[in-house]
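Peer 1: Top line first, the protein sequences correspond to chains R and P.
When we follow UniProt numbering, the leftmost residue of the first sequence carries the number 1, and every step to the right adds one.
When we follow UniProt numbering, the leftmost residue of the second sequence carries the number 1, and every step to the right adds one.
Do not take every clue at face value.
Unchecked claim - Just a sample of chain P residues kept apart from chain R, beta carbon distances all over 10 Å, derived:
id: 1; residue: His62
id: 2; residue: Asp64
id: 3; residue: Ile71
id: 4; residue: Ile75
id: 5; residue: Tyr81
id: 6; residue: Arg85
id: 7; residue: Ala102
id: 8; residue: Leu145
id: 9; residue: Val153
id: 10; residue: Ala174
id: 11; residue: Gln177
id: 12; residue: Tyr216
id: 13; residue: Phe218
id: 14; residue: Val277
id: 15; residue: Pro283
To be verified - Here are the simulated lysine-lysine pairs, DSSO-like style, with alpha carbons at most 27 Å apart:
id: 16; chain 1: R; residue 1: Lys62; chain 2: R; residue 2: Lys293
id: 17; chain 1: R; residue 1: Lys102; chain 2: R; residue 2: Lys112
id: 18; chain 1: R; residue 1: Lys112; chain 2: R; residue 2: Lys163
id: 19; chain 1: P; residue 1: Lys132; chain 2: R; residue 2: Lys245
id: 20; chain 1: P; residue 1: Lys132; chain 2: R; residue 2: Lys370
id: 21; chain 1: R; residue 1: Lys383; chain 2: R; residue 2: Lys158
Simulated from the structure, these hints should not be mistaken for lab results.
Cβ atoms here follow ideal geometry from the backbone N, Cα and C, with glycine treated the same way.
What follows is each chain in one-letter form.
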Amino acid sequence: MKRTLLSLTALLLTGAAYAETINVGAITSLTGRFATFGKMQKAGFQVAIDEINAAGGVSGNKLALLLEDDASDTNKALAAAEKLLNQKVPLIIGSYSSGITKPLSQYMARQKVPLLVATAVDETITKPGNAYTFRVNNQSSVYSRSLLDLFKRMNDSKAGTIKTVAVLTSNDAFGKSVYTDITTLFTKAGYQVVSKDTYDQGLTDFRPILNRYKALSPDAVLIASYEQDAVAVAKQVKEVGLAPKVIAGIATGFALPNFLDGAGSAADNMLVAMVWNPDVTYPGAQNLYVRLKKALGGEEPSQHAAQSYAAMLAAAAAIKQGGTDPEKVREALTKININTAFGPVKFRDYGGYQNQNAVVGLVTQVQGGKFVTVAPATAAKGKLMMSKK
Amino acid sequence: MDPNTQALVQTLAQGLLTGGIYALIGTGLSLIFGVMRVINFAHGDFLAVGMFIALFLFQRLHLDPYLSLLIAAPIGFGLGYLVQRFLLARLGDRLESSSMLATLGIGLILSNGLLLGFGAQPQSINVAYATKTFALGGIQISLPLLIAGLGTVLAIVLLNLFLYRTELGRAVRATAQNPLGAELQGVNTNWVQAVVFGLGVAFAVVAGVLLLPLLYAFPTVGENYTLKAFVVTVLGGLGNLPGAIAGGLILGIIESLGAYYLSNNYRDAYGLVVFLVVLLLRPEGLFGRTVKRV
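The whole structure should be built from the sequences, with the hints applied where relevant.
Peer 2: What follows is the structure in structure tokens.
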């Protein structure tokens with residue numbers, strides 16, 4: 001009896017401030033080959049939820065996270081979405097990878113419930129035709145564009161002239177999107193693409209292809225990879241003695257703090273295009289970094305955690321406007337305009353995209369075992385170091 | 001050397017060393033098949049166990065992966081010995097037909113056990129020499145890759161000394177040729193088979209340890225290597241040890257050259273195409289003989 005009373009009072013005390021609980025659905029890859037990214041997303045969601053509830057919740061209601069694991073598998077993601085929709089969530093945030101998110105966005109559009117994409121970058125996800133998909137993260141071409149800008153600056157300042165590039169990407173929705181960006185954008189900008197290659201997930205021996213690059217000796221080698229292959233490529237680049245003026249990784253695997261640990265000195269001076277790094281100048285970024293790190297149990301957070309954090313804030317803002325009705329939430333999402341520690345979130349139709357947030361692309365360089373932002377000039381925190389060759 | 005030749009020679013050399021690792025994995029599989037007629041479908045998973053033993057020792061005790069061979073190889077031997085003694089031996093006369101399911105099951109248990117113990121995310125270790133290279137007449141060779149290649153040679157030499165210079169080795173060969181005859185001559189074939197399975201697994205575990213500085217470990221890393229070992233063994237002729245070595249080297253070179261000249265995407269396909277052609281033209285393998293068993 002005493003215990004029941006105690007727990008009842010405890011319940012009243014914690015629940016007193018809130019009228020009711022609003023569930024937000026989220027799907028990510030907590031297990032399977034994208035598990036590391038899923039862990040980052042989970043931390044991002046949690047930090048945002050804690051922040052929102054600490055500030056009094058959404059219109060006096062407590063926000064709760066219903067997180068589903070898709071085990072890095074499309075079918076499981078769709079099943080998870082169905083389960084969440086049965087629980088009447090007003091919107092879903094997810095999933096991690098492009099290959100899973102694209103079919104998920106189509107399913108959600110048929111169900112007429114908004115999908116907020118936090119991390120997936122495949123260009124086609126925010127192509128017009130799907131009014132229920134909103135993307136907090138940039139589209140993949142942002143990465144290529146920020147590298148293009150940097151190369152132009154280097155060519156202008158004679159820091160190192162880049163004329164020829166080789167492209168190596170993974171053979172999936174994300175990789176193919178980057179592949180198309182680079183081959184079209186760089187060719188258009190007057191660069192010569194001397195070799196373009198893709199590889200299947202699970203490849204562990206990149207030596208033959210890197211040997212071929214060595215013979216071709218391009219000025220820049222641009223690589224897009226998920227987690228473990230990013231480490232393997234970086235190590236083998238050094239191993240085969242491939243030494244172009246610039247080696248650049250496109251976010252994702254290269255943007256993980258795990259990459260720095262795994263690749264060690266092989267990562268030195270590598271450029272990594274990403275959209276968020278703890279050294280960005282957005283207000284609250286440092287504080288967000290500290291909180292994310294705490295949520296990850298002391299592990300370094302990556303941009304994926306920050307993106308997920310921003311997506312949850314956007315979800316809360318939309319629920320505040322539109323309540324829990326999916327259609328009203330969708331309408332509210334089109335009008336959102338918030339500033340977060342990840343950067344501003346505002347969904348617009350522009351440049352052939354629909355409901356796409358515009359994020360500033362950064363280029364970081366691995367210096368002393370850390371990512372240091374070197375471009376664009378307005379955000380740079382360090383100087384670009386050229387290899388000693 | 002002009003850059004193209006240099007790149008090609010470098011690819012060949014690296015392909016040969018990669019092939020050496022395939023040979024090491026294939027030798028274990030071939031040894032087991034040669035003596036027991038068991039195709040060990042858990043072979044790649046034993047390799048994964050080797051990787052994780054080295055990973056664990058490195059993370060917890062900062063033990064150099066090459067030093068952890070001293071611990072991992074006996075563990076591998078013991079594991080194989082126990083699996084044969086307490087599982088495969090119980091299948092008795094049904095061994096040849098049921099071993100496929102039995103070893104598949106063992107593989108599942110191993111990979112899921114690793115998943116439970118170490119989590120799904122890939123993990124790599126970063127030792128100082130992981131990216132050390134040295135130039136050999138203009139071509140660059142990675143130190144861990146070379147060590148893996150040399151380790152393979154050493155392991156295979158030791159295996160041959162064991163098979164041809166020791167009494168137990170003679171018993172192994174006798175059991176391989178004719179288990180019943182060997183039994184009649186006083187060979188304890190049950191024990192010999194357990195030793196052979198232990199040795200085969202130890203080879204897979206050693207290969208896993210040698211791979212760790214070059215690669216990353218994750219629980220299902222073995223799947224791919226089971227397939228490779230299978231291709232290698234069939235290329236060389238099932239149960240034929242020198243054949244397995246040659247098969248491994250051939251596979252390594254074919255894959256590297258294919259990836260260099262044709263496309264990186266069909267890397268695994270090159271080996272399988274050769275595998276099919278060999279099966280069609282020489283079902284007994286490139287170096288195999290059809291041996292009648294009594």
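Peer 1: A separate judgement is required for each hint: does it hold in the structure or not?
Peer 2: To see whether the hints hold, each was checked on the structure:
For His62 of chain P, the condition that its CB be more than 10 Å from all CB atoms of chain R holds, with the nearest at approximately 15 Å. With a closest Cβ-Cβ approach of about 15 Å to chain R, Asp64 of chain P is found to remain outside the 10 Å limit, as its non-interface label requires. Its beta-carbon lying about 23 Å from the closest one in chain R, Ile71 of chain P satisfies the requirement of being farther than 10 Å from that chain. With a minimum CB-CB distance of about 24 Å to chain R, Ile75 of chain P clears the 10 Å threshold, and the non-interface call stands.
Remark: the non-interface label on Tyr81 of chain P is consistent with the geometry, its nearest Cβ contact in chain R lying 30 Å away (cut-off 10 Å). Chain R leaves Arg85 of chain P outside its interface by the beta-carbon criterion, the shortest separation being 34 Å against a cut-off of 10 Å. Even its closest Cβ contact with chain R, about 27 Å, leaves Ala102 of chain P beyond 10 Å, as expected for a residue assigned away from the interface. Listed as outside the interface, Leu145 of chain P is inconsistent with that label: its C-beta sits roughly 8 Å from the nearest C-beta of chain R, within the 10 Å cut-off.
Its beta-carbon lying about 20 Å from the closest one in chain R, Val153 of chain P satisfies the requirement of being farther than 10 Å from that chain. The non-interface label for Ala174 of chain P is consistent with chain R: the shortest C-beta to C-beta separation is roughly 39 Å, beyond 10 Å. For Gln177 of chain P, the requirement that its beta carbon stay farther than 10 Å from each beta carbon of chain R is met, with the minimum near 37 Å. In this structure Tyr216 of chain P is not separated from chain R by more than 10 Å, as the shortest Cβ-Cβ distance comes to only about 5 Å.
Consistency note on Phe218 of chain P: stated as away from chain R, yet its beta-carbon is not over 10 Å from all of that chain's, at 7 Å minimum. In this structure Val277 of chain P is separated from chain R by more than 10 Å, as the shortest Cβ-Cβ distance comes to about 21 Å. The beta carbon of Pro283 of chain P is kept farther than 10 Å from every beta carbon of chain R, the shortest such distance being approximately 29 Å. Between Lys62 of chain R and Lys293 of chain R the alpha-carbon distance is near 24 Å, which keeps this suggested pair within the 27 Å criterion.
For the hint linking Lys102 of chain R to Lys112 of chain R, the alpha-carbon distance of about 15 Å falls within 27 Å, and the restraint holds. Of the supplied pair hints, the one linking Lys112 of chain R and Lys163 of chain R is violated, its CA atoms being roughly 47 Å apart against a limit of 27 Å. In summary, the hint linking Lys132 of chain P to Lys245 of chain R is supported, as the alpha carbons are separated by about 20 Å, within the 27 Å threshold. Pair hint Lys132 of chain P plus Lys370 of chain R holds up; C-alpha atoms about 21 Å apart against a cutoff of 27 Å.
Among the hinted pairs, Lys383 of chain R with Lys158 of chain R is consistent with the structure: their alpha-carbon atoms are about 15 Å apart, no more than 27 Å.
Hints 8, 12, 13 and 18, counting from the list given before, are not met by this structure.
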